[in-house]
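Go ahead and model the full structure; you've got the sequences and the hints to work with.
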Amino acid sequence: MKNGIIRNWMSSPVTTITPETHLNDARRTMDAEKIRALPVLKDGKLVGIITRRGLLRTDIPTLTENAWTTDVDLKDAIVGEIMTKNPITVPASGILPKAARVMLENKITAIPVVDESREMVGIITTSDIFRFILAELPDLKENLLTKDYMTSHVVTMTPDESLLEAHRLMGAERIRSLHIVVDGELKGIITRTDLLSNDNSRFLSRNNQEESLKVLTSSVEQIMTTTVITIKPDTTLLEAAKLMLDNKIHSLPVLDVEKKLVGILTESDLFRMVIQRFF
1 MKNGIIRNWM SSPVTTITPE THLNDARRTM DAEKIRALPV LKDGKLVGII
51 TRRGLLRTDI PTLTENAWTT DVDLKDAIVG EIMTKNPITV PASGILPKAA
101 RVMLENKITA IPVVDESREM VGIITTSDIF RFILAELPDL KENLLTKDYM
151 TSHVVTMTPD ESLLEAHRLM GAERIRSLHI VVDGELKGII TRTDLLSNDN
201 SRFLSRNNQE ESLKVLTSSV EQIMTTTVIT IKPDTTLLEA AKLMLDNKIH
251 SLPVLDVEKK LVGILTESDL FRMVIQRFF
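Letter by letter, the sequence shown follows residues 1 to 279 of this note's numbering.
If you're looking for bench data, these hints aren't it; they were derived computationally from the structure. Where is the CB? At the ideal position from N, CA and C, for every residue including glycine. Errors might be hidden in some of the hints.
Quick list of in silico lysine-lysine cross-link-like pairs, DSBU-like style, CA-CA up to 35 Å [claimed, not checked]:
1. K260 <-> K232
2. K259 <-> K242
3. K187 <-> K260
4. K98 <-> K42
5. K98 <-> K85
6. K45 <-> K248
7. K147 <-> K242
8. K259 <-> K107
9. K260 <-> K34
10. K141 <-> K98
11. K232 <-> K242
12. K147 <-> K259
13. K107 <-> K45
14. K260 <-> K242
15. K242 <-> K141
16. K85 <-> K45
17. K147 <-> K232
Just the calculated beta-carbon pair ranges, DEER-fashion [said to hold, decoys possible]:
18. D256 <-> E142: 22 to 32 Å
19. G44 <-> E239: 38 to 48 Å
20. V257 <-> K34: 25 to 35 Å
So, in structure tokens, the structure goes:
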């Protein structure tokens, strides 16, 4: 590993928000900049972080039984109310594989980088990990293949199952995507971003209960992505990492020669490879 210091791979400068930022504004910022995490600064100091996952949880309180007994107005909520306080950080002088391990163990997609004085100087994201793989993996002179690192257990749904069930499965399995399959054949994919972008904020008023239930019980087929980037079991990890980086995706379904879904290669699988090969 020739160049594994975090400061050489971190993204900087970093888009940040304050605890007083409204959640809708945070969501718009994430959508506009195509990012999944926003560090929260107060008086220039890192005090928290907010993620798409956190926003999604806030967007769907209607999934709880008591949701209709209280008035919830998303437009009045602010970041400081739901952010993760005192987030995990890594030092700029550390090594990138250690950052990958911290992200994997804590199931996070971004981690702020601090200097010796604990000031935030950057952020390490999954894209940075992918860039590291593309630069460093060729030096191993090994042909690492998808089939040796992919996850064989894939959580699937059928096209006629509901968005409510998709929410439940993602929460229960702690995953960010679901594959829509019919007789083993991949028909589409639905991600947490798809659910978040489906205007879940309109669920947040008890006056819209009927409309909310109508949307939640609609089928995943209505919002799933049908054009899915896939790979084969013998696709190299180098090629897979490039596909994820170029297309800003965090997983790739793996299809066999008969086009049947046999696994999934996720960013977590690539993180494990980085830890095994470079730590």
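Cross-check of the supplied hints:
At roughly 10 Å between alpha-carbon atoms, K260 and K232 fall within 35 Å of each other, so this suggested pair holds. Distance check on the hinted pair: K259 and K242 sit about 22 Å apart at the alpha-carbon level, within 35 Å; holds. As the CA atoms of K187 and K260 are separated by approximately 10 Å, the hinted pair is consistent with the 35 Å bound. Note on K98 and K42: the hinted pairing holds, with a Cα-Cα distance of about 27 Å set against a maximum of 35 Å.
Between K98 and K85 the CA atoms are separated by roughly 22 Å; this keeps the pair inside 35 Å, and the hint holds. Of the supplied pair hints, the one linking K45 and K248 holds, its CA atoms being roughly 29 Å apart against a limit of 35 Å. For the given pair, K147 sits about 17 Å from K242 by alpha-carbon distance, which is consistent with the 35 Å threshold. Distance check on the hinted pair: K259 and K107 sit about 30 Å apart at the alpha-carbon level, within 35 Å; holds.
With a C-alpha separation of about 31 Å, the suggested pairing of K260 with K34 holds against the 35 Å cut-off. The straight-line distance between the Cα atoms of K141 and K98 is roughly 22 Å, inside the 35 Å bound, and the hint therefore holds. In summary, the hint linking K232 to K242 is supported, as the alpha carbons are separated by about 14 Å, within the 35 Å threshold. Between the alpha carbons of K147 and K259 the distance comes to roughly 15 Å, so the proposed pair stays at or under 35 Å and holds.
Distance check on the hinted pair: K107 and K45 sit about 24 Å apart at the alpha-carbon level, within 35 Å; holds. The hinted pair formed by K260 and K242 meets the criterion: a straight-line CA distance of about 23 Å does not exceed 35 Å. As the CA atoms of K242 and K141 are separated by approximately 17 Å, the hinted pair is consistent with the 35 Å bound. For the given pair, K85 sits about 12 Å from K45 by alpha-carbon distance, which is consistent with the 35 Å threshold.
Simply put, K147 and K232 have alpha-carbon atoms about 8 Å apart, close enough for the 35 Å limit, and the pair holds. The hinted range of 22 to 32 Å is satisfied by D256 and E142, whose Cβ atoms lie roughly 23 Å apart. Checked against the hint of 38 to 48 Å, the C-beta distance between G44 and E239 comes to roughly 42 Å, which is consistent with it. Judged by the Cβ atoms, the range 25 to 35 Å given for V257 and K34 holds: they are separated by roughly 34 Å.
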